[in-house]
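Spelled out, the chains give:
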Amino acid sequence: MAGRVGVVAVAQTKFEEKKATEHTAELMYNVTREVMGQTGLEFKEDGTGIDATLAASYDLFSGPAGAYMFLGYVVGAYRREDERVLEDGSLAVYYGAMQILSGHVDTVLLVSYNKESSVGKNLIEWVGMDQIYQRRIGLDFVSAAGLQAMRYTTKYGITPEQCAKVVVKSHRNAANNPYAMCCDNITVEDVLRSTMLCDPIRVQEAKPTPVDGACAIILASEEKARKITDKPVWITGFGSCYDHHELGYRDLADCEALTTAAQRAYKMAGITNPLKTFDLAEISEQYAYQELLWSEGLGFCGKGEGGKLIDSGKTQMGGDLPINPSGGMLSGLPVCVAGMQRVAECVVQLRGEAGDRQVPGAKKAVAHGVDGPAGQLQCVITLEN
Amino acid sequence: MAENLPEISSEPIVAGVTAHSNFLVSTGATGTKFLSELRDNKKIMGIKCPKCSKVYVPPRTHCPTCFARMSEWVELSGKGSLSSYTVVRYKEPYMPKEPPYAYGVIQMDGADTGMAHILGEVDLDKIKVGMRLEPVFKEQREGSILDIDYFKPSS
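For the protein sequence lines, the chains are V and E, in the order given. Numbering-wise (this note's numbering), the first sequence opens with residue 1 and increments by one. Numbering-wise (this note's numbering), the second sequence opens with residue 1001 and increments by one.
No lab work stands behind these hints, which were simulated from the structure alone. From a predicted model like this one, the values you see are computed outputs, not experimental measurements. Positions of the beta carbon are idealized from the N, C-alpha and C atoms, including for glycine. Heads up, a few of these hints could be off.
Unchecked claim - Just a sample of chain V residues kept apart from chain E, beta carbon distances all over 12 Å, derived:
no.: 1; residue: 127
no.: 2; residue: 130
no.: 3; residue: 138
no.: 4; residue: 140
no.: 5; residue: 199
no.: 6; residue: 302
no.: 7; residue: 313
no.: 8; residue: 359
To be verified - Here's a subset of chain E near chain V, in silico, CB distances under 8 Å, partners left out:
no.: 9; residue: 1009
no.: 10; residue: 1012
no.: 11; residue: 1025
no.: 12; residue: 1027
no.: 13; residue: 1055
no.: 14; residue: 1058
no.: 15; residue: 1064
no.: 16; residue: 1095
no.: 17; residue: 1096
no.: 18; residue: 1113
Could you put the whole structure together from the sequences, leaning on the hints where they help?
Rendered as structure tokens:
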């Protein structure tokens, strides 16, 4: 990489089922003000402030969108250089890093926001299916995940208990995270007793919804980052990949797009053994089976070995590679915000500021974002301090 | 440092609208051919890539792997094997059937891809990956993927 990109500030809201007293603009304003306060940066065009803004949002949730209606006045984009990324917030980090690496700007403010409580998430995701075939038969992202979960667990003999363990771990970790929405002392038996949502996925194995919240990050060029903070966290690699949208065109048991995205990021960062290299991973699992499947795509274990990986205890706090010390999406994160918040959580860890959820001495981390039916879009960001 | 927002003195007011609109999408030459064969002849047609020879169903205009334009149609029997399934147990207004009902990915004989569709005439607790299936067409057909009512277990 020609020079490095540093993360110099991160902020997130508390994630809650319904932020009834706050307009989306207020959520964004709060996290924006917070990262500006951490860095002392203001919006300036003379090279001493924030050069550009970049927002990740789901227009279908917020109306199209933040863009026209309120983005300008709350993130300082008014009459300024401003870009927008649809789909997951991890892509905004990817795009912001490229803006800096291109030399076009030195500092970028990233914001992602979503109030899932504004509208039905399933309906919005149903509109995300192709109009002629899959939307027409009523498939949405939940039933797409059901088809993937069934294929994956059947092909590789992944057990219901192994999936349920993901939920238990997520909730246990979330208890240490003051920003997390939910955490209760759930057991494997509780998960397996919960209502079936979309076979083989049970209600407790799906990301809670609705969830409202926002996240902000400031990225800076290496030179600027060193001036802004004495604790910069460096983006060492990034990669993304889309799979085919038509579910039947892929083998849903294998996440080829994630394997490709991860290999692109790891190649850039010079990483060959992710399980050994990383001290933690913050990944986007909207359903319990996905933590196991994404672990395979991220190269933490071989194909079909996601179940064995959770059984080994390596991904728990205190293990070789804790996955989602924050509690992850299963503890409640809005779609779209999730990917950026995964990056923010890695940064908090690599700065040693993660409090009760801190992985001691964390030096290298990987963040992962996802969107589309059954993980069609995958994005991987590697970081180090 | 987040600034303190002003206190709200009454119940928070929610602004909302409800709108109705149709999504009307041109299906193009490829979609129209496929859908009119369903409607007029109860035939499921695949489309073959001239470079890699893979047969795709439902069809697309271009091979996603080779980026070659596809125009060679292949008639399929409609019979196939179930490669995955799920049972929908929640309800949304856009669903074409009353839950609970099942979706499957059907790997059709003579095709290299699967196609997602609804499963019917099957005990929801006895669906098995690998089971043989065949299509059941609606009496009244309109040129839609739903002209296939569902796939049922082959006798």
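Exercise. Where does the structure disagree with the numbered hints, that is, which hint numbers, in rising order?
Worked result: 1, 2, 3, 4, 5, 9 and 13
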